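*Asks:* Spelled out from the first residue to the last, the chains are:
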Amino acid sequence: MADMVKIATRESYGNALAELGEKLDNLVVLDADLAAATKTGIFKKKFPEKFIDCGIAEGNMMGIAAGLATTGKTVFASSFAMFAAGRAFEQVRNSIGYPHIPVKIGATHAGISVGEDGATHQCNEDIALMRTIPGMTIINPADDVEAKAAVFAAAEFNGPVYMRFGRLATPVFNNPDTYKFEIGKGVLLKDGTDITIIATGLMVYESLLAAEELAKQGINARVINIHTIKPIDKDIIIKAAKETKKIVTVEEHSIIGGLGSAVAEVVTESCPVPVIRIGVNDKFGHSGPAKDLLKEFGLCSENIINTVKSAL
Amino acid sequence: MDEILKKQLSITACKVRMGIIEGVYNAKSGHPGGSLSIADLLTYLYSVKMNVDPKNPKMPERDRLVLSKGHCAPALYSILAERGFFPKEELKSLRHIGAMLQGHPDMKGTPGVDMSTGSLGQGISAACGIALSAKLSNDAYKVYAVLGDGETEEGQVWEAAMFAAHNKLDNLVAIVDFNGLQIDGAVTDVCSPVPLPEKFSAFGWHVITMDAHDFDDIERAFNEAEKISGQPVAIIQKSTKGKGVSFMENQVSWHGSAPNEEQYNQAMSELKAKLSELEGN
Ligand SMILES: Cc1ncc(C[n+]2csc(CCOP(=O)(O)OP(=O)(O)O)c2C)c(N)n1
Ligand SMILES: [Mg+2]
Chain A
13 MADMVKIATR ESYGNALAEL GEKLDNLVVL DADLAAATKT GIFKKKFPEK
63 FIDCGIAEGN MMGIAAGLAT TGKTVFASSF AMFAAGRAFE QVRNSIGYPH
113 IPVKIGATHA GISVGEDGAT HQCNEDIALM RTIPGMTIIN PADDVEAKAA
163 VFAAAEFNGP VYMRFGRLAT PVFNNPDTYK FEIGKGVLLK DGTDITIIAT
213 GLMVYESLLA AEELAKQGIN ARVINIHTIK PIDKDIIIKA AKETKKIVTV
263 EEHSIIGGLG SAVAEVVTES CPVPVIRIGV NDKFGHSGPA KDLLKEFGLC
313 SENIINTVKS AL
Chain B
2 MDEILKKQLS ITACKVRMGI IEGVYNAKSG HPGGSLSIAD LLTYLYSVKM
52 NVDPKNPKMP ERDRLVLSKG HCAPALYSIL AERGFFPKEE LKSLRHIGAM
102 LQGHPDMKGT PGVDMSTGSL GQGISAACGI ALSAKLSNDA YKVYAVLGDG
152 ETEEGQVWEA AMFAAHNKLD NLVAIVDFNG LQIDGAVTDV CSPVPLPEKF
202 SAFGWHVITM DAHDFDDIER AFNEAEKISG QPVAIIQKST KGKGVSFMEN
252 QVSWHGSAPN EEQYNQAMSE LKAKLSELEG N
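So the protein lines, in turn, are chains A and B.
Counting in my numbering, the first sequence runs from 13 upward without gaps.
Counting in my numbering, the second sequence runs from 2 upward without gaps.
Incorrect hints may appear among the rest.
With a straight-line Cα cutoff of 35 Å, these simulated DSBU-like cross-link-like pairs (lysine-lysine) come out [what the hints assert, rightly or not]:
{"hint": "1", "chain 1": "A", "residue 1": "K295", "chain 2": "A", "residue 2": "K254"}
{"hint": "2", "chain 1": "B", "residue 1": "K93", "chain 2": "A", "residue 2": "K18"}
{"hint": "3", "chain 1": "B", "residue 1": "K200", "chain 2": "B", "residue 2": "K169"}
{"hint": "4", "chain 1": "A", "residue 1": "K303", "chain 2": "B", "residue 2": "K89"}
Hint data in this document are derived by calculation from the structure and do not stem from the laboratory.
Since this is a predicted model, take the numbers as computed values, not measurements.
Sequences and hints are given; from them, build the entire structure.
*Replies:* Set out below in structure tokens:
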């Protein structure tokens, strides 16, 4: 698996939007002075008249997006996760969430893998924030194939969607010819009976690597990819709880309020089994290369392996 | 301005620019353009204007500076190192794992940093809070806030502008670095915040415009600011993004990218030439 093609999911976002522009006449893409980084710049180059830069004003951008969408435009509003979910939280909640307007939020540079910019830009809270908004769909794709599919699905979906993309180039492990994306459906990537690793986003591939190594050591771990964190696929989680009796969750996000919390909520209500959460452990990040930070915060296959072993 | 002082400041500003390049080059990331455009401003403030003590960075009566455009931390770090708040050697580990110098200013970890910033638009509000506190307890210190021109697109900047004027914060000077560029292009192409002087005036501020790279003019502007009472002061400084490194000047692409080795060498040799010219006569 080592020599796989790597693409950052923000790149997939930009490319998918550029493709979408060909098909959707009513598409409008908004950004807040980060087109070069969120990769909406790819779209802007192809469809300059359908791209509106709102300047460094994320709260206003969410209101503009809401207004545009009420008239039937398909709107994608983009910024870093910190500013899309963080700065503009209340505008997203009251102008998009409450009226259930189908604005699609493309939030890039999520999580600790932002790297050198440090704590002010490393958003480990966005999934938690967005989960609390009634009717918000949250998608955190794991690779290029899934990210593009998610953008196409979101464009057709009749409701607000928060999409989370990463800065770091990550291995493309899904097969574009066979991959099927369905909002709200978890993906069983590897069957197993000893324990289940439930992962999302950047951590899915790390979980696959961990499971491969665990298999060599005689531990048969199931791996599930939860790309849609809300609404979450309860069935796949309950089935795993029943069949494997133990769950480890992995996310590049705070352990508070994200995937781990969502899984634990499902499990405690329907089939209580131990759930061990791997994520950012109620701490702020700091500057450094993304790869080193991921290691430091235990967001890597090595830590998943160790956690699984001590859980068994 | 006194010629000897002007020469000293020019030398320091050149060293500050070298520190910026050193930091960003070693970090392999960061924001050289907007850092270079405020090098002269920060040099003047920290060398002449501000009452600060590198040995006692938390001195209660010190003047405060909030770098509201926190991505230009390399400039702040470089002048703080020049002034002796911490060793210059620290600049080389900017943005590294475990380093004191974070990608954006961190008041918990870095001596001389008065406020943590990085999310645009928020620093000026904190600066208003610091200035208000001085008013409430009759403290004499001054507060300086440094903003980007792109940053003024944030609504929060204007909420703070309204607040500062309403509360007659004449101990607050906000300097807007009008370099004309943000990330996606020229500020007037992205979502134009101009005209800034008229906007600040309409919000009740005393407005001064200044040439950001001319110490005579910088002195004139700050001397005028000092005389204003009953209202906050906005200094709109006309600057050149990337100032001092020929190939970075006025180039939007140098907003947030680091030089490679060849570019680093060229930038440093330009600055070294400038420095020896200044020191030579
Ligand atoms: C709230 C917020 N939105 C977006 C960003 C990302 N960002 C960093 S710098 C920058 C452009 C700033 O332009 P300007 O204020 O003109 O700064 P300068 O030209 O002085 O570098 C942007 C959009 C941010 N740091 N904070
Ligand atoms: Mg600017």
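*Asks:* Compare the structure with each hint and give your call.
*Replies:* Hint by hint, here is what the structure shows:
1. K295/A <-> K254/A: holds (32 Å)
2. K93/B <-> K18/A: holds (30 Å)
3. K200/B <-> K169/B: holds (17 Å)
4. K303/A <-> K89/B: holds (27 Å)
Checked against the numbered hints above, the structure violates none of them.
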